[in-house]
Amino acid sequence: MAIIVNLDVMLARRKMSLTELSEKVGITMANLSILKSNKAKAIRFTTLEAICEALDCQPGDLLEFSKEE
Amino acid sequence: MKQNIFFRVFHWFLNITLFFIAFGTIGLVIFGFMTSGNPLPDTEKLKGVTSLNFKTTHDNKHFFYEYRTKDDGSYEEHFYYVNPRKLYSFEASDSLMASFKVRDEEQSSDRSILGGLIQFHESVYKENIELPLRLGHPGYPITREQFVSSFRFLFWSYLFHGTFLFAFFWFLRKFVLGLRENNFFTDKNFSYLRNTAYVLIVYPFAAAFWNHLGKIEPQVAYGGNIFAISTPEFGFSFLVFGIILLIVAVVFQQGVELQKEQELTI
Chain A
3 MAIIVNLDVM
13 LARRKMSLTE
23 LSEKVGITMA
33 NLSILKSNKA
43 KAIRFTTLEA
53 ICEALDCQPG
63 DLLEFSKEE
Chain B
8 MKQNIFFRVF
18 HWFLNITLFF
28 IAFGTIGLVI
38 FGFMTSGNPL
48 PDTEKLKGVT
58 SLNFKTTHDN
68 KHFFYEYRTK
78 DDGSYEEHFY
88 YVNPRKLYSF
98 EASDSLMASF
108 KVRDEEQSSD
118 RSILGGLIQF
128 HESVYKENIE
138 LPLRLGHPGY
148 PITREQFVSS
158 FRFLFWSYLF
168 HGTFLFAFFW
178 FLRKFVLGLR
188 ENNFFTDKNF
198 SYLRNTAYVL
208 IVYPFAAAFW
218 NHLGKIEPQV
228 AYGGNIFAIS
238 TPEFGFSFLV
248 FGIILLIVAV
258 VFQQGVELQK
268 EQELTI
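Sequence order for the protein chains is A and B. Taking our numbering, I'd label the letters of the first sequence as residues 3 to 71. Taking our numbering, I'd label the letters of the second sequence as residues 8 to 273.
With the rest of the complex left out, here is chain B (with noise of 0.2 Å):
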């Protein structure tokens, strides 16, 4: 009875998952679409506006659009990316200083809505100051369509790794439904349990793939013998659970081959 239970409320909670994934990522895309056609503001609309700042988060790179007036009235615009996961191949001591502008913390404010998909950044810097560039992140200069074109793959993105939590939720769904109902070792159970596994093995390889599609920047993003060389980013976790998980689906068809066997020994 308390196994039972158990099963009921797993249950419910993974259609719960579901339904919020499932919502979510059409809601996503939607949004997607709207603002694909031109995700950058309107700069006639920004008359006045001394500056103004928006990033956009994708394969946790980050990439930004700054919108600046100068003094003569005229106005500037600068896209860049910048990579937070980076190796360098010098000490901290030894790392060559450079110049940074650092955000005022205090005169700043941020806000952000759809659960932080869209952020608000409200930003005052104080005067540039000299850091050891281990310690910063460096901007990527890039040029306006691959920024266009990073903001549209990101929403593809949402689809595409929408796609495979749903497929792993569902498949887990189906599963638990068959344990809830009290039939554990039956074909259809080692199925669903086998398919949960194949989603996470084949996951990483395709959202390595996937990655590899939305790529704009190169591996080197500085020369000399200061360099950033963007880590490989490959979900070795999903595999080795995948894996894990298959192992568990093989074991568990021998626990249906006895099953059979037993159910047809009179």
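Chain A with its partners taken away, still in its complex shape (with noise of 0.2 Å):
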């Protein structure tokens, strides 16, 4: 996986659950989960803008690039 998603660690972060994030961003718990366990082929800008609003953070803090498979 090239992008990894550090949703966890922002949400660990931000002492938040992924259930109250899927309330406040309002995307399922399931696509949540896609997400979270680096399994989403991609995202759309609208999701990562509402993810970086309820999460008070940049994409930069949500996604990382890494070089090893």
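Hints were generated in silico from the structure; no laboratory data involved. On a predicted model such as this, the values are computed, not experimentally measured, just so you know. Where is the CB? At the ideal position from N, CA and C, for every residue including glycine. Each hint should be verified, as a subset may be incorrect.
[Stated by the list, open to error] Far from chain A, by Cβ distances over 10 Å, these chain B residues were calculated: (1) H18; (2) S119; (3) I273.
[Stated by the list, open to error] Some chain B residues close to chain A (C-beta under 10 Å, calculated; not the full set): (4) D79; (5) S106; (6) K108; (7) E268; (8) L271; (9) T272.
Take the two lone chains, each set in its own frame, and fit them into one complex as the hints suggest.
This is the structure we're talking about:
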């Protein structure tokens, strides 16, 4: 996986549960789990924007590039 | 909603088709086993019958059995096959004349049972007449054993062709079932569509091989400057349609990939 989603790290930093984020952003738990477990193939700008707003962070805080497979 | 009704109706049509194919094939094979021991009539029971003629058709070739009582009370049997598909090397005007027996349609009668599988003909023939050979279908003599083996082979052919037909409609039905349930671009639907294409591609090759196994006649039936050649039998239309369907299946596979990507886009 080249792009790693650090959603769990940000959630821990903000002391927020996945359920709480799901309610704030309006994304289903199933989709957030896909995102959290790095199974997602793509993320919409609108989704990224909503998550950044809810977690009060930058896209760079959520996404990380790794050369390792 | 309209789409759903269409797939529902199509699905039921395929269900009914599969039912008839399965039971039809099984029925024909059972009938074949029952008659394959001795498909020919008992000549002892034919005493008093002046002539009897029946044919069985396999791979569009007609196999005839002819029984005829002679004036002295003895009887004679003839076995021959007729291949209606043939190519001639000469023009109609140059054709040699041959003696043909012509059926008197007014005095003859026909009836059939099992949807034409078994046919009864009462034929009255006119005097032999001279016709260009091209206009007739020459009968090629075969032995009693060859006739019986082709008769048996016919019923195995029903099983062979029936299996392919069943496989084709089975995979098509599974594919339509997926569409009916509004699951369009899935791996299962792709594999059903691809398998339908494979059946169509394999069928003409398998059928050509199968027909080759059942071939009893020489390729050239007549020598000299008159000859009839069996035309090569190969289901090109099945092959072409199968390849087109395979291309559609590959495009469909791209749709499946796009669907997966869409589902994993948050």
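Verification of the supplied hints:
1. At the 10 Å boundary, the C-beta of B:H18 stays outside the reach of chain A, the nearest C-beta of that chain being 30 Å off.
2. With a closest Cβ-Cβ approach of about 62 Å to chain A, B:S119 is found to remain outside the 10 Å limit, as its non-interface label requires.
3. With a closest Cβ-Cβ approach of about 5 Å to chain A, B:I273 is found to fall inside the 10 Å limit, against its non-interface label.
4. About 90 Å separates the beta-carbon of B:D79 from the nearest beta-carbon of chain A, more than 10 Å, and the hint is not met.
5. With a least beta-carbon distance of about 79 Å to chain A, the hint placing B:S106 at the interface is violated under the 10 Å criterion.
6. Hint status for B:K108 relative to chain A: violated, with the closest Cβ pair at about 76 Å, above 10 Å.
7. Restraint check, B:E268 versus chain A: the minimum CB separation of about 5 Å is within 10 Å; hint holds.
8. A hinted interface residue such as B:L271 counts as satisfied when its beta carbon comes closer than 10 Å to some beta carbon of chain A; here the least separation is about 4 Å, so the hint holds.
9. Proximity of B:T272 to chain A holds as hinted, the smallest CB-CB distance being about 4 Å (cut-off 10 Å).
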